[in-house]
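Participant: Sequence:
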Amino acid sequence: VETESFNQSLEFLKENKCEVIPALTKSISREKIANFTQSYAYVPHVLITKNFVPFISDIRNIEDKKIAIIKDYSILNVIKNKYKNLEIIPVESLDEGLAKVQSGEVFGFIGTNATTWYKLQTEFINDLKISGKIDDVSQIRIAVQKEDKQLHKILNKIVINIDEETKNTILNKWLTIQYKKEFDFTIIWQIIAVIFILLLAILYRQRLLKQMNKSL
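Residues in the sequence shown are numbered from 148 upward in steps of one, following my numbering.
Careful, some of the hints might be misleading.
Said to hold, decoys possible - With beta-carbon atoms standing in for the labels, derived distance ranges:
id : residue 1 : residue 2 : range
1  : T150      : I307      : 23 to 29 Å
2  : I301      : I334      : 52 to 58 Å
3  : K231      : V200      : 18 to 24 Å
4  : K161      : Y189      : 39 to 45 Å
5  : I305      : I175      : 24 to 30 Å
Said to hold, decoys possible - Derived DSS-like pairs (lysine-lysine); straight-line CA-CA distance at most 25 Å:
id : residue 1 : residue 2
6  : K304      : K173
7  : K161      : K293
8  : K164      : K276
9  : K276      : K218
Hints are computed from structural coordinates only; laboratory data are not their basis.
Even for Gly, the Cβ is constructed at its ideal location relative to N, Cα and C.
Make a model of the complete structure from these sequences and hints.
Facilitator: Right, dumping it as structure tokens:
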């Protein structure tokens, strides 16, 4: 079931338009609309900025900067309470947050390592980068429609029996995306042009030497 935003996904689960959200963190408000399996992954949060920004070892060192976070992410309130030095700008989606960083409207975007890494490698590789890591991590679980207790039991049993190797394989599918891009033939033509100019220079020099030798 396709949705246009993270918030809409939650609404669909609440309105019984879908039965499962496969990757969600648990919170008090969300437990009112869904049952959660045990966690199957711990996903760190990272700070995304423009490429020219140097590595930030501690986010507390950032003063008076605008930082975008998806408004329904559970980490938003944690960041607000923990890092008083930041001005938090809620956004509707990952794409909106990264676009605001790209345009300079905000200094950075805080999101989960897996999803932001995928976007950086596929759409923003030339403009944005991971510039820092947030201490807080999210425990990723499967959220199941509140009324479907049987499905919750089945999925929870599956999660419990996932071995560490399989968990790592799942995460690596997100974290080791290979960036595929069409080759830029402009580079080849530029190299050919440089070589051609060098050859002309060598030939011109040889001709001058030949004329000088002839004169001598």
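Participant: Hints broken by the structure, by number, lowest first?
Facilitator: Failing hints, ascending: 4, 8.
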